[in-house]
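Engineer: Sequence:
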Amino acid sequence: GRLSDGRAVAVKQLSQSSNQGKKQFATEIETISRVQHCNLVTLYGCCLESNTPLLVYEYLENGSLDQALFGKGSLNLDWPTRFEICLGLARGIAYLHEDSTVRIVHRDIKASNVLLDAGLNPKISDFGLAKLYDNKKTHVSTKVAGTFGYLAPEYAMRGHMTEKVDVFAFGVVALETVAGESNYQNTLEEDRTYIFERVWELYENGHPLDFVDPKLSEFNSEEVIRVIRVALLCTQGSPHKRPPMSKVVSMLTGDADITEDAAKPSYITEWQIKVGSCHHTGSSQVGSASTPPSSGDGGAGQASSQGAGEGSPLTPSPLFTSIIDEGR
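Quick note: the sequence shown, position 251, residue 251 per the working numbering, numbers continuous.
If you're looking for bench data, these hints aren't it; they were derived computationally from the structure. Be aware that one or more of the hints could be misleading.
For lysine to aspartate or glutamate, the following EDC-like pairs were computed, each having C-alpha atoms within a straight-line distance of at most 20 Å [as the list claims (entries may be wrong)]:
no.	residue 1	residue 2
1	K264	E204
2	K215	E84
3	K22	E49
4	K131	E30
5	K72	E181
6	K241	E204
7	K264	E197
8	K241	E260
9	K72	E61
Model the full structure from these sequences, guided by the hints.
Structural biologist: So, in structure tokens, the structure goes:
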């Protein structure tokens, strides 16, 4: 739709039957109204008087990052655009963690919650699971919600939430952006190599550029390696080993050196041992989501988050089980 001044808008409507959604709707209004950044979606207004409350967001015509990277109507993003998307996403998260008037943990950073405007600039959307966070606390214990393929070990296992859960999720999105490969899969093959295992195998063997999306005929090798190294630091098993997002931004821009190499997380090694010793049968789902990736047709607010535990039961893959085990 359009406002009276001609601005295109996207309208997010709450289902009448969604009790969980009402709480998330209120959280989204409270959170997004307190922040303003070029890499966050803009909330124009809301209507709470009807039985179906509405949120009115700016319309982002290029849809979500997952659609651009993995969808049938792919935008064929070139490398400079992908790099700027990673950098813009990092800046948006850094703002939430360190520069906004309140400290916010998004809790559901994923490719389907990164929307692209007309200039393919990234904007973080869907603040329904966001939490305000006290600087004085080491962590907050909370009910786990979000998307399995992006959950940090300590959060997935113990519900320990700090801003480092967003850092982990950013690392996953960065790897997806480089590879053009989703970390979310509905159906998986036993002998398939998945994104974490593949990037680590290539990185350790000195062939990180082989991780790049084959659709990219040209790319800046130095930038690619920088993004991969930063992403591997962001997805370390221990939250204490993950850099703050402001440091991530500095490393991506080259303003800060990447002074340390990431250590291969134990969840990768443990998963390889499990798969090597016995074939996992059944409906394994690496990246199975309590919040499935959006399949909407663009615009802000298009991805609808569900709380953990809603929907049909999901069987996590050996890799996800290993990620959880590392959080013990």
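Engineer: A separate judgement is required for each hint: does it hold in the structure or not?
Structural biologist: Okay, the hints, checked on the actual structure:
1. Distance check on the hinted pair: K264 and E204 sit about 9 Å apart at the alpha-carbon level, within 20 Å; holds.
2. Only pairs whose Cα atoms come within 20 Å are accepted, and K215 paired with E84 is accepted, the gap being roughly 18 Å.
3. Simply put, K22 and E49 have alpha-carbon atoms about 13 Å apart, close enough for the 20 Å limit, and the pair holds.
4. For the given pair, K131 sits about 10 Å from E30 by alpha-carbon distance, which is consistent with the 20 Å threshold.
5. As the CA atoms of K72 and E181 are separated by approximately 13 Å, the hinted pair is consistent with the 20 Å bound.
6. Distance hint between K241 and E204 is fulfilled; the C-alpha atoms sit about 19 Å from each other, no more than 20 Å.
7. Among the hinted pairs, K264 with E197 is consistent with the structure: their alpha-carbon atoms are about 10 Å apart, no more than 20 Å.
8. Taking the CA atoms of K241 and E260, the gap is near 10 Å; set against the 20 Å cutoff, the hint holds.
9. This hinted pair checks out: K72 and E61 have alpha carbons roughly 16 Å apart, not beyond 20 Å.
Comparing the model with each earlier hint shows no violations; every hint is respected.
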